[in-house]
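Heads up: the sequence lines are chains B, U and A, in that order. The letter at position 53 of the first sequence is residue 53 when you use the numbering used here, and the numbering goes up by one with no holes. The letter at position 381 of the second sequence is residue 381 when you use the numbering used here, and the numbering goes up by one with no holes. The letter at position 164 of the third sequence is residue 164 when you use the numbering used here, and the numbering goes up by one with no holes.
I should point out that these hints are in silico values taken from the structure, not numbers from a laboratory. All C-beta atoms, glycine included, are put in the ideal place defined by N, C-alpha and C. Mixed in with the good hints, there may be bad ones.
Claimed, not checked - Computed spacing ranges between beta-carbons, pair by pair:
no. : chain 1 : residue 1 : chain 2 : residue 2 : range
1   : A       : Gly194    : B       : Leu197    : 52 to 62 Å
2   : U       : Ala258    : A       : Phe103    : 46 to 56 Å
3   : U       : Gly125    : B       : Ile55     : 57 to 67 Å
4   : A       : Asp196    : B       : Ile20     : 13 to 23 Å
5   : U       : Leu379    : B       : Leu259    : 47 to 57 Å
6   : A       : Ile284    : B       : Thr111    : 48 to 58 Å
7   : U       : Glu129    : A       : Asn282    : 34 to 44 Å
8   : A       : Lys62     : U       : Ala258    : 28 to 38 Å
9   : B       : Leu259    : A       : Lys3      : 52 to 62 Å
10  : B       : Thr228    : U       : Gly238    : 13 to 23 Å
11  : A       : Lys3      : B       : Thr115    : 21 to 31 Å
12  : B       : Thr228    : A       : Ile284    : 27 to 37 Å
13  : U       : Glu433    : A       : Pro84     : 37 to 47 Å
14  : A       : Phe103    : B       : Phe116    : 36 to 46 Å
Claimed, not checked - Calculated Cβ distances over 10 Å to all of chain A for the following chain U residues:
no. : residue
15  : Lys81
16  : Glu90
17  : Ala98
18  : Asp123
19  : Lys153
20  : Glu174
21  : Val180
22  : Lys182
23  : Ser232
24  : Gln262
25  : Asn263
26  : Glu266
27  : Pro314
28  : Met395
29  : Ser399
30  : Asp419
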Amino acid sequence: MTTKIKNNKKTKVSKIIMMICLSIVAVIQIFPLIWLLDFSLASSNELFTTGLLIIPKKIQWGNYVKAFVDGNFLLYLKNSLLINGLSLVLVICISIITAFATTRMIWKLKTAVKTFLLLGMMIPIHATLLPNYIIYDRVGLTDTIWALLIPYVAFSLPQGLFLTSGFMEAIPKELEEAALIDGCGVYRIILIIIAPLMKSSVATVAIMTYLNNWNEFMMASTYLRSKTWKTLPFSVLEFTGQYSSDYAVQFAVMALTALPAIIIYIILNKHITKGVAMGAVKG
Amino acid sequence: MKKKLLSALIMVMLSISLVACGGNQMNSDSDSTQSQTDNENASEEIITIHVFTGLADRKTGTGLIEEILFEQYMKENPNIKIEVEALDGETYKTKFKAYATSSEMPDLLGVWGQPAFINEIIDAGLLAELNPEDYKDYGFVKGALDGFSKDGKLYGLPRSTDIMGFYYNKAIFEENGWEVPKTYNELIELAGKIREAGLIPVSMDGADKWPLAIYLNDLIAKIDGDNGDKISQSIANGDFSDPTYKKAAELLRKSVEAGLFQNGFETTDYATAFNLFANGQAAMYYMGNWEMSIATNPDVLPEIRENIGVFAMPEVEGGKGKVTDIAAWNGVGYSISANSPVKEEAIKLLNYMMKPENLSKLTWQNGVGMSAQDYSGYLTGDETVPQKIFTNILMEATSITGTPINDLGTSAFKTVCEDLCQELAIGAITPEEFIQKLEEATK
Amino acid sequence: MKKLYSNKWIILSLVIPGIITFVFAILTPILLSLYYSLTDFAGIGKANFIGFENYKNLIKDKVFWVSLRNSLFLALGFIFIQHPIAIITAAILDKLQGKAEGFFRTIYFIPNVISVAIIAYLWKFIYNPNFGLLNNILKLFGYTNEINWLGKGMAIWSVIIVLIWHGFGWGMLIYYAGIKNINPILYEVAAIDGADAKTTFLKITLPLMKPVIQVNVTLAIIAALKQMETVYLLTNGGPGNETQFLANYLYKQAFNSFKYGYGNAISVVFIIICLASTIILNKIFSEKEYA
């Protein structure tokens, strides 16, 4: 009896310690963002105080208005969503058909081709920054959406292929055989039998691709020049020049630009957790 | 069944490739219309002029002046559309070089009329030749076009006369009973007092490195006086054995050791250095006259912007130079891309901007800087303090340094020279090593 | 089935999109890089063939070695700071149930989804020696010296801290998933045997996590080699070249110094290093498994 109580006490204490540990890590992870939010609502010279957080003398919603309007927020958000969406779809489609060809179809070179494509996983995207600049320039792709789509798709593809072909191998062949007997062609098999079974791995590929490309801006800043296709990070980059003497507005634009990604994350929280987990454990 | 699917797939692929081709088609269409408009009298066709400028702030300063002029020009010429891409300082230079390697330079370009920046691109034939006759009546000051010319040909026009100085906060100085230093030692002593008062003596943009190089050059001018093209010669010959260089390097290092600049100046970027001064954290700020609009900038607190004073780099004890041997040059300006499809129109726009009554006058009247043209006709006597002082400094100058040391060599020399200035300032290398590495960099 | 599955035209139609993308976006640029790396191309003007001159200079280039050293530091930072904290956090998180678990997991991962551009600028402010958050925190504890976090000698560690912070959620999540995959019966058996939390963690969790740890370590090393964006915005390799990384250095050489050929030589070596380290790591780990 007494030992049980002791145990209970012990678990309670250890639970509290556990919570404290987790909270410390949580504070470290989140506090900089709270700080950002706090000063984005203050006026610029309030930043030069010594406290950690402040209560702004007057809440400056105007900072966000400036950030929203002058940061081309909607345009860049639309571009980011479009470019990321398109590369997602392309990566998924190409991954699945290539995976099918290299795991199911019967041909001599299939292992060689697959290995060759998988090599792409190890190649750093920035190593192609310089030569691609010249290629796109000569072909006339600079300042078009293709200048971003092509490298984004190409560098997410190997990983996509890796994940999808891993899953595909686990799908029993009997299903296809049955479909074949019904007179289905290969494309139909991929579309009707295989693709629906790949849902979870498709989600993983989608999340990995999204996380890879949402952050990218070196390519974007080198290959683009007009506003037409610029992506969200540019809100921040352009703003620091435009409002160099107004820190609060810079904070506002940073907070505003971070928002879409955080919202997407919170909505897709479960799937992202699962996706990352699957990608990593399988990888 | 199979065939149907195959054809469906082919259709999809085709449509994708059509979209791709469509994109290209549109591009080439617009290209051809652009070149057509050069021939036709283009009252209906819209001509787009791409402007690439290093003035990212479009709401104050010279960036605002550009915007005003572009607006005016588009109003007067309804067939012209001006598209501006504006980037900040170092980002601008990087992107400019990326453009230089491509076939599609923007049409009107912000440039620096200094060897490190302009020589390589002139040699590569990237800049359009301008006709000097066009600018006879533009009132450019003597020598202002030199940096933009090579082998007797003109490739650009200067936008400003740049002068370096110390901005200082008069209110803080008066409160504490500090005097404007007459000599460099006084400046160092003053730095100690300012530190004791819990303030930053001089706010310095050390992250971008070039202000440190210019500071060094300013010291060289005070040590050496009017030294002609000695620095250019030193770079050409790879010989920095002249004691002036070592003395200037030692002085820069000594200043840092004495705490003249803020802690972490080597990581403070342009905007932060400005803001430290503009928010009253620093008593002084070493920067060029292009920041004189701080005196009218609405983002700066009135108690600060209304109390701005300026002084030139003080005389160095034992130096030959006087306070009137100043660090100044005609650096920034504009050029036209040689391969621009709308070259003629871009030159027209440039000529419009540079008319004395446009950029030069507006720059002066808005208190954002000093043009490279004769602006004496626009003096009213109601100018801001920095305007008056900088004009005085220029009028009374006994010698002018011209292009600073970092911009006198190739672009590779510039990169190394600026890195070295920073390393010297933070004490990563000694003045001796600095001289030695500088010599290596010229080879 | 066999006949249909070996139809060459169908195979071709399936692999062509992937191969075209790969060839156009990865292979061609690499070959072009290889070509330029053998020239003195400045980006503008003519390119002269100069053989392996660029590579010879690269080996002599101190900054190149500093970049590699920084990648190594970063990888060690990931492996010995980020990962241990991540594993322990994941293990504790696994013990929690209900809402708190999801709450913490969400918070840990948030920095990870925020764009690098924002992260870098934010940390520039945090590190600012004159009015930054970090020095303000130290002031609360009575430490009033203004530390220059991005200054000489400190900068590389400050950069590594940002990267550890930014990627923490990712690492944590992967370990968390790994722990979730462990059969709970093992824990029950351990509990019956009277093992405490520490022994359970050391004797059951860690050994079973071995494959996950190996994957994570590989990913960390590759990520450390590929680092570019954060450094570009936070320090751009400075002060001097103390925080230089390969990707940033090649960019600087090509576009700031007009050394396009040299930049491409760095690109080529960069690729070789990434390929080689992946292969070596895979070898090491697979050998160990059989041993």
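* To do: Say whether it holds or is violated: U/Asp419 keeps its Cβ farther than 10 Å from all Cβ of chain A.
  => Since the minimum Cβ distance to chain A is about 6 Å, U/Asp419 lies within 10 Å and the statement is violated.
* To do: Check the non-interface label on U/Glu266: least C-beta distance to chain A beyond 10 Å or not.
  => Contrary to the label, U/Glu266 does not stay out of reach of chain A, its closest Cβ about 5 Å off (not over 10 Å).
* To do: Hey, is U/Asn263 genuinely clear of chain A, shortest beta carbon separation above 10 Å?
  => At roughly 4 Å from the nearest Cβ of chain A, U/Asn263 sits no farther out than 10 Å, so the non-interface label is violated.
* Asked: Range hint 13 to 23 Å: satisfied by the CB atoms of A/Asp196 and B/Ile20?
  -> 19 Å, holds
* **Distance restraint evaluation - U/Glu433, A/Pro84, Cβ atoms, bounds 37 to 47 Å** => Given about 41 Å between the Cβ atoms, the range holds.
* To do: Test the statement that U/Lys182 is away from the interface with chain A: the closest C-beta pair must be farther apart than 10 Å.
  => Holds: least Cβ distance 28 Å, greater than 10 Å.
* To do: Quick one: work out the minimum CB distance from U/Pro314 to chain A and report holds if it exceeds 10 Å, violated otherwise.
  => Holds, because the least Cβ-Cβ distance between U/Pro314 and chain A comes to about 25 Å, which exceeds 10 Å.
* Assessment of proposed distance window 21 to 31 Å (beta carbons of A/Lys3, B/Thr115) -> 26 Å, holds
* Asked: Taking 10 Å as the cut and beta carbons as the points, is U/Ser399 off the interface with chain A?
  -> 31 Å, holds
* **Interface-negative label, U/Lys153 against chain A, beta-carbon threshold 10 Å** => 18 Å, holds
* Range hint 52 to 62 Å: satisfied by the CB atoms of A/Gly194 and B/Leu197? -> 45 Å, violated
* Asked: Was U/Asp123 rightly flagged as not at the interface, with every chain A Cβ beyond 10 Å?
  -> 7 Å, violated
Figure legend: structure checked against the earlier numbered hints; hints not met, in rising order: 1, 6, 7, 10, 12, 16, 17, 18, 24, 25, 26, 30.
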